[in-house]
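Engineer: Go ahead and model the full structure; you've got the sequences and the hints to work with.
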Amino acid sequence: MLSLKNIDFKGVKGINELKLTLSDSSINVLIGTNGIGKTKALEALYTLLIFTNTAFQEYGMSGKDVVFNECLIANEQLIRIVVVH
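Numbers 0 to 84, taken from numbering that gives the first Met the number 0, label the letters of the sequence shown in order.
Just so you know, the hints here were simulated from the structure itself, not pulled from any lab data.
Be aware that one or more of the hints could be misleading.
As the list claims (entries may be wrong) - Think about it this way: if two alpha-carbon atoms lie no more than 16 Å apart in a straight line, the pair counts; the simulated EDC-like pairs of lysine to aspartate or glutamate are: (1) 39 - 7; (2) 12 - 42; (3) 37 - 16; (4) 39 - 16; (5) 9 - 42.
The structure presented is a predicted model; accordingly, all values stated were derived computationally and were not measured.
Structural biologist: Have a look at this one:
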């Protein structure tokens, strides 16, 4: 399980003190009203993971708006993030 607390992304408006817990054994879902910042938070987290992890794989599905990412965190936790646009 990955737990993030009090995360602020400089230069990203609308995300303050983000708290997020991701399970490594099930699907993680973000639910909220339009405009609340779900996509923005995932994009910021995605960017952070790209630049801070030693192992990173991205699988794009051509012709579809789905991106599947696997991120190895601390060399032991595999977190799967699915972004559907």
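Engineer: Does each hint hold? Answer for all of them.
Structural biologist: Going down the list of hints, with the structure as the test:
no. : hint    : result
1   : 39 - 7  : holds (12 Å)
2   : 12 - 42 : holds (12 Å)
3   : 37 - 16 : holds (14 Å)
4   : 39 - 16 : holds (14 Å)
5   : 9 - 42  : holds (13 Å)
In this structure, none of the earlier numbered hints is contradicted; all agree with it.
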